[in-house]
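Novice: Which chain is which? The protein sequence lines are A and B, in order.
Letter by letter, the first sequence follows residues 1 to 219 in full-length UniProt numbering.
Letter by letter, the second sequence follows residues 1 to 229 in full-length UniProt numbering.
I should point out that these hints are in silico values taken from the structure, not numbers from a laboratory.
Positions of the beta carbon are idealized from the N, C-alpha and C atoms, including for glycine.
Be aware that a few hints might be false.
Stated by the list, open to error - A short, non-exhaustive set of chain B residues, derived as facing chain A with CB atoms under 10 angstroms:
(1) His60
(2) Lys63
(3) Val70
(4) Ile71
(5) Ile78
(6) Pro89
(7) Ala93
(8) Tyr101
(9) Ile134
(10) Trp164
(11) Val167
(12) Phe183
(13) Asp201
(14) Pro204
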Amino acid sequence: MAASDVKLLSTRGSPFVIRPRIALNLKNIDYEFLEQPFGTKSELLLKSNPVYKKIPIMIHNDKPICESLIIVQYIDEAFTSGPSILPSDPYDRSVVRFWGSYIDDKWFSSLLATLKPKTEEEKKTAIEGVSTGIELLEEAFEKISKGKDFFGGDTVGYIDIALGANLALVKVVEKLNGVELLDETKTPNLYAWSEKFCSDPAVKDLIPETDKLLELLKR
Amino acid sequence: MEKQEVKLLGSSISPFVRRIEWALKLKGIEYEYSEENLQNKSDLFLESNPVYKKVPVLIHGGKPICESLVILEYIDEIWPQNRLLPEDPYEKAIVRFWANYAEDKLMQGIRNVLMSEGEEQAKGVKQVTAALHIIDAEMKSITKFFGGETIGYLDIVLGLTVLWLEVVDEVSSESKMFDLQSFPSYSKWMEAVKDLPLIKDNLPAKDILYREEQITLTVVPSIDNTKVE
């Protein structure tokens with residue numbers, strides 16, 4: 001279903017860009033994908049996000065929305081097609097928002113720190129941070145999914161998107177450090193979840209291959 | 001909807017708890033305030049916020065909600081009177097964007113300034129100054145508050161900067177770290193916020209903040225506030 005004028009500014013390899021793409025796919029919204037060549041910032045980008053000068057930026061009817069999770073919430077509120085991305089109950093919504101903010105504020109900084117550590121000690125602490133986060137999310141999955149495939153229940157939801165967009169990065173960290181963060185025995189829920197998530201029609205083709213991402217990160 | 005008990009786990013030294021109090025009072029919601037001992041956390045507290053073990057925590061009908069921005073949105077959805085966030089999805093996205101920005105660049109930025117020294121502090125001051133310029137520019141279009149004639153979500157989120165900047169003012173002995181005259185729209189907004197009994201009567205005492213946050217008292221060299229990064 002072609003909707004109103006939707007553009008998405010992005011660069012290759014960014015986990016954050018994957019998030020609005022999944023959301024738009026879930027809602028069956030067509031969009032123009034504007035990939036910024038690596039290392040450049042177009043005039044449109046600078047005009048649309050003068051504060052952070054970063055992607056993703058969604059432009060809907062010429063109005064820019066920035067910050068990936070804010071964009072995902074916007075998509076859920078602005079488009080009524082497709083499944084809901086956030087739950088309808090306010091309490092359940094507060095729970096998913098909590099985890100979204102945990103993933104971005106706390107967990108992601110550990111993830112990033114594993115890739116650019118200043119010392120071995122720092123790297124070790126960072127990996128532990130990522131691992132702790134995954135354990136917490138494993139536990140949260142049991143409570144929130146209520147026995148279904150996704151955090152969102154039968155369909156991909158907000159936490160699935162927030163966490164899932166980082167799966168390739170998690171695999172990179174695993175590969176670079178010889179660790180297993182998502183493990184069939186230690187984190188069975190998330191292990192099974194990650195396979196289902198990556199093969200969901202709204203998601204597949206969007207998660208980059210581990211080796212390709214590794215290449216991009218080296219640049 | 002049957003009335004359910006509202007409990008707020010807080011601490012007199014936490015500025016973030018005040019946001020929730022402002023929101024609840026604005027909407028006329030009765031709540032039970034529980035002062036938590038952060039050195040000796042209660043079982044209820046630890047059960048309610050096992051991930052961060054921080055205040056504020058709102059407990060509504062026995063169910064805990066954590067993280068002040070998440071709590072504010074929850075409050076607005078459960079009790080729609082005196083709306084905090086706009087209803088339009090685009091307007092909401094803008095307000096959420098600025099709240100995130102304020103948390104990240106301003107709130108965290110000011111705290112970093114207060115707790116660092118020397119070069120680290122000077123760098124922090126530059127960053128906060130740049131952020132204040134950006135927010136000041138955004139505020140040129142508002143008449144009184146972000147929420148219009150009454151305060152809304154963004155006013156509540158940014159409202160804490162009122163307190164922090166006063167602390168900074170008192171801490172920087174020689175010259176002003178942040179010359180608020182360089183930020184006319186922001187200053188005007190700050191005065192309007194400070195004037196509200198709701199805010200004025202519900203701020204943590206500054207001397208408590210000094211002690212608990214271990215704010216370093218250092219002499220600050222004069223900063224050129226007109227430069228923007």
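Novice: Hint by hint, say whether it matches the structure.
Specialist: Hint by hint, here is what the structure shows:
1. With a least beta-carbon distance of about 8 angstroms to chain A, the hint placing His60 (chain B) at the interface is held under the 10 angstroms criterion.
2. For Lys63 (chain B), the suggested interface contact is upheld, since its CB lies about 6 angstroms from the closest CB of chain A, less than 10 angstroms.
3. Interface hint at Val70 (chain B): satisfied, since its Cβ lies 5 angstroms from the closest Cβ of chain A, which is below the 10 angstroms cut-off.
4. The beta carbon of Ile71 (chain B) is positioned within 10 angstroms of a beta carbon in chain A (closest approach about 7 angstroms), and the interface hint is therefore held.
5. For the restraint placing Ile78 (chain B) at the interface with chain A, the shortest Cβ-Cβ distance is roughly 6 angstroms, inside the 10 angstroms limit, so the hint holds.
6. For the restraint placing Pro89 (chain B) at the interface with chain A, the shortest Cβ-Cβ distance is roughly 4 angstroms, inside the 10 angstroms limit, so the hint holds.
7. Nearest Cβ of chain A to the Cβ of Ala93 (chain B): about 4 angstroms, under the 10 angstroms cut. The hint holds.
8. About 6 angstroms separates the beta-carbon of Tyr101 (chain B) from the nearest beta-carbon of chain A, less than 10 angstroms, and the hint is met.
9. Given the 10 angstroms rule on beta carbons, the hint for Ile134 (chain B) holds: about 6 angstroms separates it from the nearest Cβ of chain A.
10. Proximity of Trp164 (chain B) to chain A is violated relative to the hint, the smallest CB-CB distance being about 19 angstroms (cut-off 10 angstroms).
11. The closest approach between the C-beta of Val167 (chain B) and any C-beta of chain A is roughly 24 angstroms, which is over the 10 angstroms cut-off, so the hint fails.
12. At its closest, the beta carbon of Phe183 (chain B) sits 16 angstroms from a beta carbon of chain A; the interface hint therefore is violated under the 10 angstroms criterion.
13. The interface hint given for Asp201 (chain B) is broken, as the beta carbon of that residue sits about 27 angstroms from the closest beta carbon of chain A, more than 10 angstroms.
14. With its C-beta approaching chain A no nearer than about 23 angstroms, Pro204 (chain B) sits outside the 10 angstroms limit, and its interface hint is violated.
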